[in-house]
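Protein sequence lines correspond, in order, to chains A and B. For what it's worth, my numbering labels the leading residue of the first sequence as 1, then goes sequentially. For what it's worth, my numbering labels the leading residue of the second sequence as 83, then goes sequentially.
Because the hints were derived from the structure by calculation, they are not lab data. Don't take every hint at face value.
Said to hold, decoys possible - Okay, the calculated beta carbon distance ranges per label pair:
#, chain 1, residue 1, chain 2, residue 2, range
1, A, Gln77, B, Glu129, 50 to 58 Å
2, B, Gly270, A, Gly24, 24 to 32 Å
3, B, Arg343, A, Gln77, 20 to 28 Å
4, B, Gln323, A, Gly24, 15 to 23 Å
5, A, Leu17, B, Gly263, 29 to 37 Å
6, B, Gly497, A, Leu17, 23 to 31 Å
For every residue, glycine included, the Cβ atom is placed at its ideal position computed from N, Cα and C.
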Amino acid sequence: MIRRLAECRRGDRVRILSVEAGRGARLHLTNLGLAVGRVVDVVGGTPFGGPVLVRNGDTEAAIGFGLAERIVVEDGQPAQEA
Amino acid sequence: MEFVLVGQPYGGRSTIFNEVAGYRAGSRNVPGVVDDHAHGEVEVDGERAGLVDLPGFYSLQLSDDESDPAVEHLLAAPPDTVIVNVVDASVLSRSLELTLQLAELGRPYVVALNMTDEARRKGIRIHVARLSEILGVPVVETVARSGEGIRDLFRAALRAGREGRPPAILPAPPRLEEAIGDLVHLIGDHVPQGTPGPRFLAIKLIERDPIARSILDPHLPEDVWSAVRARLVALEAATGQATDELMSAARHSVAFDLFERVASFRSRPRRDVRERLDDVLMHPVLGYVFLVAILAASFSLVFQVGNAVEPVVLTWFDRLAVLLAARLGEGTLAYTVVHGIVAGLGGGVGIVVPYLLPFFVVLAILEDSGYLPRIACLLDNLMHRIGLHGTSVLPLVMGYGCSVPGILATRVLKGRDRLVTAALTSLIPCSARMTLIFGLVGFYISFEAALLVYGLNLLLIAAVGKVLSRFLPDDSPALILEIPRYHLPGPVVVAKKTWFRLEEFIVIVWPLLVVGSVVLELIDHFDLSGTINGFLAPYTVGLLGFPAAVGITFLFGVLRKELALVLLFAALGTTEIDQVMTLGQIAAYTFFATFYLPCLATFAALGKVIGVRATVALAIGTLGLVSLLTGGISHLFG
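Just need the whole structure built from these sequences, with the hints factored in.
Here it is as structure tokens:
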């Protein structure tokens, strides 16, 4: 199922399909292991439009709700990475 | 020779720096938040070398036209510089992506494989010799928190600097490597001296990094530029992917392959309590309960320690003053000067240290534990209400310690966010202003009243933030923040951080306090204060509603905020302020002295970060707003 990262719930494992944001935000996401094609676990979120917490391997990151709405994901099992 | 500590945030650079360099480095558990570069010296086997701790960054790639001072410092470092790449062994795969970029610089470096205890706990075994062989540089295992391996690390760095052997190049996938080769061939003859080599610049061109253009532009003829552009377009056409994404994907897979070659998983990772901690501390509801509880507990601890110590120390200094008066004879010039020195010293010891010390300890614990970024995450939502993001919380919270590092920390933000956050940070009551609030309102009125000042301050900040956001539309990227592992704050690390911050106070601020106090005594001795206060009276008495005698304290309050408090006692000739000012006046005075203008050091920091013009506009705006509000408070309650 294709949806936005902002719509995901704690416990979801998703693959990032695209990031509809500028170079700066994409670069920053890439630095934290959140590039297109990677699989991440949603580990939490705060209510009422707070950030979404995701984990990629060893790195945990908070992504602002607005940006999470611009990240397209699909259900994903890890294909190339542990 | 100079060693430069380079690494991703939370990797332990500053802890290593603090371990070896006898000078200050803020090892803040916050990305990009080290007050500029910390400089120090290290002695290795009898040889002294410089040591620089650069703020942490994830990648050498610059995100847009804005410069990153840490990356620029690294690119411009002199040839005898040895890079010490501090790597968090427990997140090795990701950390190696930066290591690979450092290798592209083609200069000697060593890898500090830090936090190996953490990696072991996760069941990861790293084959150090193999990693060292593949990278072509020394790799030393360290545990910075306990000092393990640090000596060996700097020995290896010294050797690497002497030998000057370039590191190994780990090739990118063939198609990319081909493009790099072609670009090196194109630009090779034009690369200026004293810059990183052609391979590094070729990669930067592929990454569409503005740094490549800024280095190459003055040296590359137009026909070479078009050939470069054509080659990049060809690469994009052949792969169907943006070249910068191609490069970072390639680096990711090279780093991951390397990780798999050097790491093996020996056992299942042992879970510990830290992984459960966020179930509570980042819980959608409980998280906020704990946030309020933690902050309230911290501040009340600070207040209680201060409240217990302050009167005791003040009594000692009062006795000393009486003793001196008997010895030197009251009214003599010698007495005036000595009395000023004693009052300044007393101000430092009795008022500031009892507040600063516990505050810095609390701040160090919050930072070192990894809780600060979590505060940012929890408050992101709230910050949106005033038009900012959670990342702005970090400078604001740091601002409670000292405005200067708080404002410098806003440099991780861009454009409008930086401007608004810096402006708001300058309005946060720093620890110096805290001494004013607790020393006056807290002491003469009540602890609750002092907390009320903080509450009103938050409302003021929210209002100003709202207004500024209205005028400056949001153009910034959203919050993207690493949430680091929790650490049990080590007593040594906390003690060192606290000491480094206190040291700055003792060396820089305390002498200023003493000088300011002596000058004030001299003004008093020669009866100049009447003239100065008279000159200020229409403003201080007429508009603000204070006794004329306090006018002089505002002149010195700009120097250092604590001075206003110390000098208030001197100007009024008593430490029992409530005898000469009404409680309403004390409250209004506290509000005004706290916020009318930031101190000189804060001005300097603001000028650096948001520019002189914005700083002046901010100062005038603040002074006007605060004057009106103060006048209101005095006339209502005075």
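Okay, the hints, checked on the actual structure:
1. A/Gln77 to B/Glu129: 50 to 58 Å: holds (54 Å)
2. B/Gly270 to A/Gly24: 24 to 32 Å: holds (30 Å)
3. B/Arg343 to A/Gln77: 20 to 28 Å: Given range 20 to 28 Å: holds, Cβ gap about 25 Å.
4. B/Gln323 to A/Gly24: 15 to 23 Å: At 19 Å between Cβs, range holds.
5. A/Leu17 to B/Gly263: 29 to 37 Å: About 33 Å separates the Cβ atoms of A/Leu17 and B/Gly263, which means 29 to 37 Å holds.
6. B/Gly497 to A/Leu17: 23 to 31 Å: Taking Cβ atoms as reference, B/Gly497 and A/Leu17 lie about 29 Å apart, which means the hint holds.
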